[in-house]
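If you want the building blocks of each chain, they are given just below.
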Amino acid sequence: MKPFKTLAVAGTLMAATFLTTVAVDAKTLRWARSQDATTLDPHSGNTGPNHVLAHNIYEPLVIRSFDGKLTGALATSWRVLPTDPTTWEFKLRPNVKFHNGNAFTADDVVFSMKRALMPAADMKSLLVGVTDITKVDDLTVHFKTSGPNPLLVNNLTNLMIMDKEWAEANNAATPQNLREKVENGATRQAVGTGPFQLVTREPDVRTVLRVFPGHWGASEANHGITEIVYRPIPEAATRVAALLSGEIDYLQDVPVQDIARLQTSTGIRVNPGPENRPIFLGMNVGLPELRSSDVKGKNPFADVRVRQAVNTALNREAIQRVTMRGQSTPLGIIATPYINGYTKELDTWPRYDVAAARKLLADAGYPNGFSVTLHCTNDRYVNDEGICQSAVSMLGQIGIRTTLVAQSLRVHFPAIQRGEYDFYLLGWGIPTFDSHYVFNDLYRTKTQSAGTWNGTGLSNATLDAQIDSLNSEIDPAKRNATIAAIWKWIKDNDVYAPIHMQFIAGAMRSEWNIPTDVENTPKMRFLNARGS
Amino acid sequence: MLAFILRRIGQAILVLLTVALISFSLFRFVGDPTQQMTSQDTTLEERLQIRKNLGLDDPVIIQFARFVGNAARFDFGVSYQNRQPVAKLIGDRFPATMELAFASAMFALFAGIPMGVYAGLKPNSWLARVFQTVSLVGISLPTFLIGILLIFIFSVTFGLLPSFGRQGVVNLGFWTTGFLTWEGIRSLILPSITLGLFQMTLIMRLVRSEMMEVLRTDYVKFAKARGLTPRAVNYRHALKNTLIPVITITGLQLGSIIAFAIITETVFQWPGMGLMFLQAVQTVDIPIMSAYLLLVATLFVLINLIVDLLYALVDPRIRLSGKAA
Numbered sequence: 225m226k227p228f229k230t231l232a233v234a235g236t237l238m239a240a241t242f243l244t245t246v247a248v249d250a251k252t253l254r255w256a257r258s259q260d261a262t263t264l265d266p267h268s269g270n271t272g273p274n275h276v277l278a279h280n281i282y283e284p285l286v287i288r289s290f291d292g293k294l295t296g297a298l299a300t301s302w303r304v305l306p307t308d309p310t311t312w313e314f315k316l317r318p319n320v321k322f323h324n325g326n327a328f329t330a331d332d333v334v335f336s337m338k339r340a341l342m343p344a345a346d347m348k349s350l351l352v353g354v355t356d357i358t359k360v361d362d363l364t365v366h367f368k369t370s371g372p373n374p375l376l377v378n379n380l381t382n383l384m385i386m387d388k389e390w391a392e393a394n395n396a397a398t399p400q401n402l403r404e405k406v407e408n409g410a411t412r413q414a415v416g417t418g419p420f421q422l423v424t425r426e427p428d429v430r431t432v433l434r435v436f437p438g439h440w441g442a443s444e445a446n447h448g449i450t451e452i453v454y455r456p457i458p459e460a461a462t463r464v465a466a467l468l469s470g471e472i473d474y475l476q477d478v479p480v481q482d483i484a485r486l487q488t489s490t491g492i493r494v495n496p497g498p499e500n501r502p503i504f505l506g507m508n509v510g511l512p513e514l515r516s517s518d519v520k521g522k523n524p525f526a527d528v529r530v531r532q533a534v535n536t537a538l539n540r541e542a543i544q545r546v547t548m549r550g551q552s553t554p555l556g557i558i559a560t561p562y563i564n565g566y567t568k569e570l571d572t573w574p575r576y577d578v579a580a581a582r583k584l585l586a587d588a589g590y591p592n593g594f595s596v597t598l599h600c601t602n603d604r605y606v607n608d609e610g611i612c613q614s615a616v617s618m619l620g621q622i623g624i625r626t627t628l629v630a631q632s633l634r635v636h637f638p639a640i641q642r643g644e645y646d647f648y649l650l651g652w653g654i655p656t657f658d659s660h661y662v663f664n665d666l667y668r669t670k671t672q673s674a675g676t677w678n679g680t681g682l683s684n685a686t687l688d689a690q691i692d693s694l695n696s697e698i699d700p701a702k703r704n705a706t707i708a709a710i711w712k713w714i715k716d717n718d719v720y721a722p723i724h725m726q727f728i729a730g731a732m733r734s735e736w737n738i739p740t741d742v743e744n745t746p747k748m749r750f751l752n753a754r755g756s
Numbered sequence: 002m003l004a005f006i007l008r009r010i011g012q013a014i015l016v017l018l019t020v021a022l023i024s025f026s027l028f029r030f031v032g033d034p035t036q037q038m039t040s041q042d043t044t045l046e047e048r049l050q051i052r053k054n055l056g057l058d059d060p061v062i063i064q065f066a067r068f069v070g071n072a073a074r075f076d077f078g079v080s081y082q083n084r085q086p087v088a089k090l091i092g093d094r095f096p097a098t099m100e101l102a103f104a105s106a107m108f109a110l111f112a113g114i115p116m117g118v119y120a121g122l123k124p125n126s127w128l129a130r131v132f133q134t135v136s137l138v139g140i141s142l143p144t145f146l147i148g149i150l151l152i153f154i155f156s157v158t159f160g161l162l163p164s165f166g167r168q169g170v171v172n173l174g175f176w177t178t179g180f181l182t183w184e185g186i187r188s189l190i191l192p193s194i195t196l197g198l199f200q201m202t203l204i205m206r207l208v209r210s211e212m213m214e215v216l217r218t219d220y221v222k223f224a225k226a227r228g229l230t231p232r233a234v235n236y237r238h239a240l241k242n243t244l245i246p247v248i249t250i251t252g253l254q255l256g257s258i259i260a261f262a263i264i265t266e267t268v269f270q271w272p273g274m275g276l277m278f279l280q281a282v283q284t285v286d287i288p289i290m291s292a293y294l295l296l297v298a299t300l301f302v303l304i305n306l307i308v309d310l311l312y313a314l315v316d317p318r319i320r321l322s323g324k325a326a
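Protein sequences appear in the order of chains A and B. Heads up, the first sequence is in our numbering, so the first residue is 225 and it goes up one at a time. Heads up, the second sequence is in our numbering, so the first residue is 2 and it goes up one at a time.
Bound-form chain A, shown alone:
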C-alpha cells in the first residue's frame, strides 16, 4: 500500500507542475524569433532584430504601423519651414514621461540625435546631411540639413529618443565604440518613453518587458498585453516545436516549409504577409567582357536585347507557385506598392515566352546562347537558393548556360559591393518608402558614398544627375515627375530582372491575431486585440 501511496503523491505533484507551465496568464505575450538584438543601445546597430526590441521600449519621433503608414509618435506634427527649405521643424508631444519618471523635452531629442550622429553609431547613415539639431523651445526642435532634404522625416522612423539625464548618469552618453573594452550603460539597460519597460535582459536567452502604465498612449491602447517575454530560438525546428507545444505564443519568423503544416494545426493561426523587400537578379552591364562567360571580347549583358531575353525567359508565376509555394507576389520593378513612385503601370513584366526570348537572343547575336555564372545567397532570403535554381533551368531553356554558385551572405554581399559578379541575386528592403532609396544604391554610379550595392557596373551621368536632384527637390510634384522619368528609363533598359516581393509569415496561438509587419518589425502598440 505504502509505495502505491508515495507514487500517487509523486504523480499528483508532477501533474501540478506540468499544469502550471501550461496555464499561463493570457495577457503575457511569449514571443520568439530566430535572432536576438545584438544590443539594446538604439543607436548602435542598424538591424531589424535590434529595432524590434527598441520599438517596444523606446520611441522615435515618427513611426510606421503594421501596414507601413507613417504616424507621429513623440512628434505630433512636422514640416519644412516655408522660409527655409533646409530646416525641418518638429512639434513634440507634450506630457510624455520616461520610464524613470523624467519628463520628455526637446533636450532629449537634441541629445539623442547628436548621439546617433556620432562615429560609433550605425544609425548615423540615416541622418546623412543633417548638420545641426537645435532646440527652439521645450516642445519644438529644428533639424538643419546641408541642402533641402524632402525625405528626412522618412528616415526618422527607427531613430529612438533616449533620456539625456539617464544616459549621462549611466555611462551611455555615447554609443559603444568597439575599441573600448568596457560595456556601455545602454547595452543591457534601457529607459525610454515606449509602451513597455525593460524588466530583465539576458542576451540570447530572454528579455522581459512589462507594460508602462505612464505611457502617453496607454488610455487608448488596445493591445491588451501586460508582459512580453522575448526569446530568441535560432534553430527552426525547435522554434516550431515550441509553438506547437504551447511554450510560446507568437513566432515572428516561420520557416517557409512549415507554413502549410502550421496552417493545418489546431489552435495555431498563421498570418503571412508581404515584406517591403523586392528580390531580383542583377546583370553586369559595365564590363567589356564577362569574367565567367565563354563569349570573349564582348559582354552579352551590355546588349539590352539580352537583358530583355532574361526578363522574358523568367517564369515569375511558376517561381511564385512552385518555389515559393504561393508565398510571394511577382514584381516587374524593384519597388513595392508601399513606396512612393510605385505604379501599377510600371509593375509589369514581359509574358513568359521561350520563343520570344530565343528570338531576342538571336537578334543580339547569340543564337546559341552563352555561358555565365549566377551567384546567389543561401542564407538570406526566403528560398533564395531555390529561386536561383529555378532561374538556372528557365534560362537554360533559351540557351543561357548558367552555373549556380550559392553561398553565405557574408561572402556574397562584399563581392557585390566590390562589383565582382557577372550575374547575381539580391534583395532590397526600402526603409524610407521612397524610390530614391532604390535609385541611389542600385542604379547610381558606384562611388565611396553612393551606388554601394550597384554591382552591375551601370554608370550613366544623366541618370546620376536625375537621381541626385531628388535629394534636394522639395516640390513634391516636380520630384515625383523626376521619379517617374527615372522609372521610365529603368523600364526601357532592364538592367535588373525583378522577380518578386517575398512574404514573411508569423504564427501564433489562435487567441492572438498579430498582423505581419511590412518592415518585419512588429510594434505591439498597434495591435488591436479587441477588434479581432
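FYI, nobody ran anything at the bench for these hints, they're computed from the structure. In this text, a Cβ means the ideal position worked out from N, Cα and C, and glycines have one as well. One or more of the hints may lead you astray.
Stated by the list, open to error - Here chain A is said to cover these stretches of chain B; the calculated rule only asks that three of the stretch's residues, wherever they fall, bring their Cβ under 8 Å from a Cβ of chain A:
#, region
1, 36-47
2, 146-153
3, 157-163
4, 269-283
Got chain A sorted already, so can you dock chain B onto it with the hints?
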C-alpha cells in the same frame, strides 16, 4: 614526475598555438564580419573605415601576433556583435555548458553501467535485447535528430517537458545553476539525455562485454566455488574490475561531451558556449570564435594531462618508464 608534467605543458602550449593558427587562417574564409555590423545603407567609405578600425586589413601574420599577444594576457577583445568583452560572455555561458555536460555524464554513467551489467549477466533476456536495440539507436542516430525526436515526443505530443531553454536558474554570483529548482532540473532532462545518449551506449556496451569477459575468469569461478552469494560475486568482484576502462573512457569523453554540446545546445536553445560559438560563426564574430576554440583546446589538453597523470598514479609501469627516459 615534474619533468613529465613540464614536458606535457610544453606540448600543450604548442597544441594551443597550432589551434590558434589553424582557426585564424580559417576565419578568412568565413566571410566579412562587417556585413553583420552594418546596415544595407552604410556607404563603402564607412565600411572601409570599420574594417580599418578592427584591424582586418592588416596582414594575417600581424593580426595573429596581436591575437596571441592579447590572449597570453587573457584579453580576448570585445565581441563584434554583442559589444561586450568576450571573456565576460564566455564566463556567463560557461556554467550552462558545464552543468549540461555534467548532467549528461551522470546520465551516461548511472544509466549505462546498470544496463551494461544487466545485459552482461543475462545476455539472452528480452530486456537485454531491448537495451541492445536502444544502444544501436544511440550510436547510429545523429544528436540533432535525437533531440528533435525527444522534443516531438515529450514536449509537442505529451507536453511533459519544456522543449527549449534553461529555466529556473539561480544566480550564485560566481556561478548560475539550474540544479536548485524543479523547473531547472526539468529543463535539463531532454538536453542531457540527447547529449549523453551516445556516451551511455558506449559505456553500456563496454560494461557488457567487460562483464561477460570477467565472468569467465578464474577468480570469479573461484569466488563462486567459495560459495559467495551471486550478488557479492557479480558486484564486488566482477563489476569492480570492469570499471577501470569505464573510468578512462568517461574521462576522455568529457572533453568531447563539452565540444559536442554545440549541436545539443542549438537544438534546445541551451544558453551555453556551444550555442554562442555557432551564432558567432553565423555572424563572423572572430573574437568569440577564436576564444572559444582556444578554450576547448585548453580543456582537451587539461583533461588529457589529468588522465595521463592518473595513469601514472594507477600504473607504476608508466612512472618507471618516465623515470628511465
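Cross-check of the supplied hints:
Given a C-beta distance limit of less than 8 Å, the hint that chain A covers the region 36-47 of chain B holds, as 12 residues qualify and 3 suffice. Chain A is given as covering the region 146-153 of chain B, and this holds because 3 residues of the stretch bring a CB closer than 8 Å to a CB of that chain, at least three being needed. For a cut-off of 8 Å, the count of residues in the region 157-163 of chain B with a CB near a CB of chain A stands at 4, and the three-residue condition holds. With 8 residues carrying a beta carbon less than 8 Å from a beta carbon of chain A, the region 269-283 of chain B meets the three-residue requirement, and the given coverage holds.
The structure shown violates none of the earlier numbered hints.
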